[in-house]
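Dock chain B against chain A, hints included.
Line order of the protein sequences matches chains A and B.
This note's numbering applies: residue 1 is where the first sequence begins, and numbers increase by one.
This note's numbering applies: residue 1001 is where the second sequence begins, and numbers increase by one.
If you are wondering where the hints come from, they were derived from the structure by calculation, not from laboratory data.
C-beta atoms are modelled at their ideal positions from N, C-alpha and C, and glycine is treated no differently.
Watch out, some of these pointers could steer you wrong.
Interface residues of chain B toward chain A, partial, derived using beta-carbon atoms under 8 Å [claimed, not checked]:
| # | residue |
| --- | --- |
| 1 | 1039 |
| 2 | 1040 |
| 3 | 1043 |
| 4 | 1092 |
| 5 | 1097 |
| 6 | 1102 |
Here are the computed lysine-lysine pairs in the DSS-like style, where the Cα-Cα straight-line distance is at most 27 Å [stated by the list, open to error]:
| # | chain 1 | residue 1 | chain 2 | residue 2 |
| --- | --- | --- | --- | --- |
| 7 | A | 71 | A | 57 |
| 8 | A | 55 | B | 1042 |
| 9 | A | 57 | B | 1097 |
| 10 | B | 1057 | A | 3 |
| 11 | B | 1097 | A | 53 |
| 12 | A | 57 | B | 1057 |
| 13 | A | 71 | A | 3 |
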Amino acid sequence: DVKVTQSSRYLVKRTGEKVFLECVQDMDHENMFWYRQDPGLGLRLIYFSYDVKMKEKGDIPEGYSVSREKKERFSLILESASTNQTSMYLCASRRGTGSPKNYGYTFGSGTRLTVV
Amino acid sequence: EDQVTQSPEALRLQEGESSSLNCSYTVSGLRGLFWYRQDPGKGPEFLFTLYSAGEEKEKERLKATLTKKESFLHITAPKPEDSATYLCAVQAGNTDKLIFGTGTRLQVFP
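Isolated chain A (complex conformation) (with noise of 0.2 Å):
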């Protein structure tokens, strides 16, 4: 069964610390993405990548960066954690544009993050 596993289910951090998110993936998937989710927001995309060490800016993308130095790996960096990204972190991937079939995202089970 395919899959993409995020490091950690729960997380607490201190604000100001540096968070990283952890998000592998075993489909030989080209895109990689990071969403975070909030009640009566819904899904919000932070950062997107198409290819190993391509990034692309999501909509909110403010306080975060990311990572993708191998193809299965998509890193998620909250460079000075504040009390409003509290918030549940999911992690997708999907093949690339130029495949014949327009599948859905695979998820991760997600990470909830806390900042104290």
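Relative to chain A, chain B alone:
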């Protein structure tokens, strides 16, 4: 601006009471409409992709339909295990990004 709106926000059903969830969208050049199921504390789980108006997909008690402006997720004779949040998303133009609605939280009571 591309947009997805889901209604209702929440729906309570008795077991066996069929109903429909709505997803209306405005998007330039729809490439696909996606339905996901999300259980509390978990990531969304893929259900269906619809590509063109008139298309229908079925899976157990769920049936998704698509028109040029909206999609419906019909739930026939639901069971308590169908309780979850159902998310709709669209992919537009020449992009890999999905735009999500805020979801419908479904509760089915025995």
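Which of the stated hints cannot be reconciled with the structure, identified by number in ascending sequence? When the structure is compared with the hints, numbers 1, 2, 4, 12 turn out to be violated.
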